[in-house]
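Could you put the whole structure together from the sequences, leaning on the hints where they help?
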Amino acid sequence: MEDSFNGKKSGYRRIEKFDRLNTEKISEHYREIINLLGEDAQREGLEKTPVRVAKAMQFLLQGYEQDPEAMLRSAMFKEDYRQMVIVKDIEIYSMCEHHMLPFIGKAHVGYIPDGYITGLSKIARVVDAFSRRLQVQERLTLQIKECIQKTLNPLGVAVVIEAQHLCMQMRGIQKQHSITTTSDFTGAFQRVATREEFIKLISSKLS
Numbered sequence: 502m503e504d505s506f507n508g509k510k511s512g513y514r515r516i517e518k519f520d521r522l523n524t525e526k527i528s529e530h531y532r533e534i535i536n537l538l539g540e541d542a543q544r545e546g547l548e549k550t551p552v553r554v555a556k557a558m559q560f561l562l563q564g565y566e567q568d569p570e571a572m573l574r575s576a577m578f579k580e581d582y583r584q585m586v587i588v589k590d591i592e593i594y595s596m597c598e599h600h601m602l603p604f605i606g607k608a609h610v611g612y613i614p615d616g617y618i619t620g621l622s623k624i625a626r627v628v629d630a631f632s633r634r635l636q637v638q639e640r641l642t643l644q645i646k647e648c649i650q651k652t653l654n655p656l657g658v659a660v661v662i663e664a665q666h667l668c669m670q671m672r673g674i675q676k677q678h679s680i681t682t683t684s685d686f687t688g689a690f691q692r693v694a695t696r697e698e699f700i701k702l703i704s705s706k707l708s
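According to the working numbering, the stretch in the sequence shown is residues 502 to 708, in order.
These aren't lab readings, by the way, just hints derived from the structure by calculation.
You can trust all of the hints, since none of them are fake.
Heads up, simulated DSBU-like pairs for lysine-lysine below, C-alpha to C-alpha not over 35 Å straight-line:
#1 518 - 556
#2 607 - 651
#3 518 - 651
#4 526 - 556
Below you can see the structure in the form of structure tokens.
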């Protein structure tokens with residue numbers, strides 16, 4: 502299914518593709534949920550909401566259709582470089598699998614090549630592919646690390662994620678400023694000196 506809007510004056514064109522059957526089925530469920538919550542899914546303001554939400558959920562959870570290992574393999578290059586490569590402050594937008602509320606933050610990813618490097622944007626794409634699923638932060642951290650280690654086979658991988666969880670901010674304990682940090686390391690990053698260098702670099706700010 503393709504939805505597009507082409508404004509003659511604005512020159513804006515938006516193209517989004519969704520599975521028509523899935524959109525219809527998901528929409529039916531959201532329509533029922535809206536009614537069960539005490540609203541009228543047929544009123545003007547909500548009439549098209551079930552379809553919008555169905556499309557939004559497919560977009561937010563598109564990671565199930567993506568292959569992070571293939572992303573890395575598509576841009577692997579032989580290179581005799583064995584120093585730390587870090588991509589930090591990668592935005593994360595994910596969905597907590599316990600309450601299906603967002604958690605938002607940043608990932609910092611480092612690796613030490615052993616014969617092969619990958620395109621820097623591919624690291625961010627791997628983070629995004631795993632983020633766009635129903636997740637917990639701990640598993641997300643592990644999956645990113647394992648994917649890079651398995652595909653590139655570097656001397657080591659380091660992943661640190663810092664995120665705010667709306668399930669803690671909007672409901673439950675309702676702590677508005679709490680930040681959850683998770684980390685995982687392989688190979689060379691298990692050495693204290695290497696790990697400390699990584700932490701120092703991701704914590705530094707460019708002037």
